[in-house]
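S.K.: Given only the sequences and the hints, what does the whole structure look like? Please build it.
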Amino acid sequence: GAGVSQSPSNKVTEKGKDVELRCDPISGHTALYWYRQSLGQGLEFLIYFQGNSAPDKSGLPSDRFSAERTGGSVSTLTIQRTQQEDSAVYLCASSLVFNEKLFFGSGTQLSVL
Amino acid sequence: SQQGEEDPQALSIQEGENATMNCSYKTSINNLQWYRQNSGRGLVHLILIRSNEREKHSGRLRVTLDTSKKSSSLLITASRAADTASYFCATEETSGSRLTFGEGTQLTVNP
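Heads up: the protein sequence lines correspond to chains A and B, in order.
Using our numbering, read the first sequence as starting at 1 and increasing by one per residue.
Using our numbering, read the second sequence as starting at 114 and increasing by one per residue.
Since the hints were derived computationally from the structure, they do not count as laboratory data.
All figures in this text were calculated on a predicted structure; none of them were measured in a lab.
There's no promise every hint is true.
Covered stretches of chain A (in silico footprint by chain B; criterion: 3 or more residues with CB under 8 Å from a CB of chain B, positions within the stretch not fixed) [claimed, not checked]:
1. 39–45
2. 78–84
3. 94–104
Yeah, the Cβ is synthetic: ideal placement off N, Cα and C, and Gly gets one too.
M.R.: Structural data, given as C-alpha cells:
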C-alpha cells in the first residue's frame with residue numbers, strides 16, 4: 001500500500017476483554033515499530049521488529065501485551081484482559097532503514113470502559 | 114524515562130515569525146530526528162541529523178546539533194498557520210536499540 005495502515009482506527013472495549021490491533025507496513029520495510037501515546041503525552045516505546053524477530057520486548061508494559069509479525073509484513077499487537085490504563089492511541093510505524101525516517105500509521109484509539 | 118526533552122512545552126507565535134524549539138538528551142546518540150504530529154495521530158518525519166553533523170536544512174526548516182551540550186534545535190522560518198502541530202525529537206542511543214521520543218512542543222501559529 002501507499003502508507004502504513006492500522007486497523008481498527010477506533011476500538012471501544014470493556015475492561016477484561018482481549019483486543020487485537022493490526023498494522024500493515026509499507027511494502028519492503030523490514031523494520032516495524034509499536035508505540036503508545038496517552039492524551040497530550042509523548043510516545044512510549046513498546047516493541048520493534050526486524051523482519052519477524054523482536055529483539056527487545058522489554059518495552060511491553062506487562063505480560064498482558066504481546067506482539068507478533070508474520071511473513072515480514074503484517075503485525076498484530078494483542079492486549080489480554082484489558083484495563084482502563086490501557087486506553088491510549090497505539091501507533092505503528094515502519095522504515096526501510098532501522099530507526100531512520102519512520103513512517104507512521106494513523107493509529108488505533110483504544111478506549112477501555 | 115524519556116531520552117529527549119523538548120523545550121518549550123508550548124509556543125504561540127504570529128504567522129510570518131520564526132519558531133525555535135529545543136531538544137535535550139542524556140546519552141550519546143547515533144542520530145537525532147524531528148517529527149511533526151497533527152491532531153494527535155500519525156507522526157510525519159521532518160529531518161534527520163547524524164551525530165557527526167552540526168547543521169542541516171530542509172526548506173524552511175533548520176536543525177542544529179551540539180553533541181557537547183547534548184542538545185538540538187529546530188528552527189521553522191516564516192511560519193504559517195499550517196505549521197500548527199506538535200513537534201517531537203527522537204534519538205537513537207549509541208548504547209541501545211530503541212528510538213526514543215520526547216514529550217513534544219505544541220506550536221500554535223496564529224493567522
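S.K.: Using C-beta distances, would you say chain B covers the stretch 78–84 of chain A, given that this needs three or more residues below 8 Å?
M.R.: violated (count 0)
S.K.: Under a C-beta cut-off of less than 8 Å, do 3 or more residues of the stretch 94–104 of chain A approach chain B closely enough to confirm the stated coverage?
M.R.: Satisfied; 6 residues make the cut.
S.K.: State whether the coverage of the stretch 39–45 of chain A by chain B holds or is violated, taking the criterion as 3 or more residues with Cβ-Cβ distances under 8 Å.
M.R.: That given contact holds, which follows from 5 residues of the stretch 39–45 of chain A lying within Cβ reach (below 8 Å) of chain B.
Figure legend: structure checked against the earlier numbered hints; the only hint not met is number 2.
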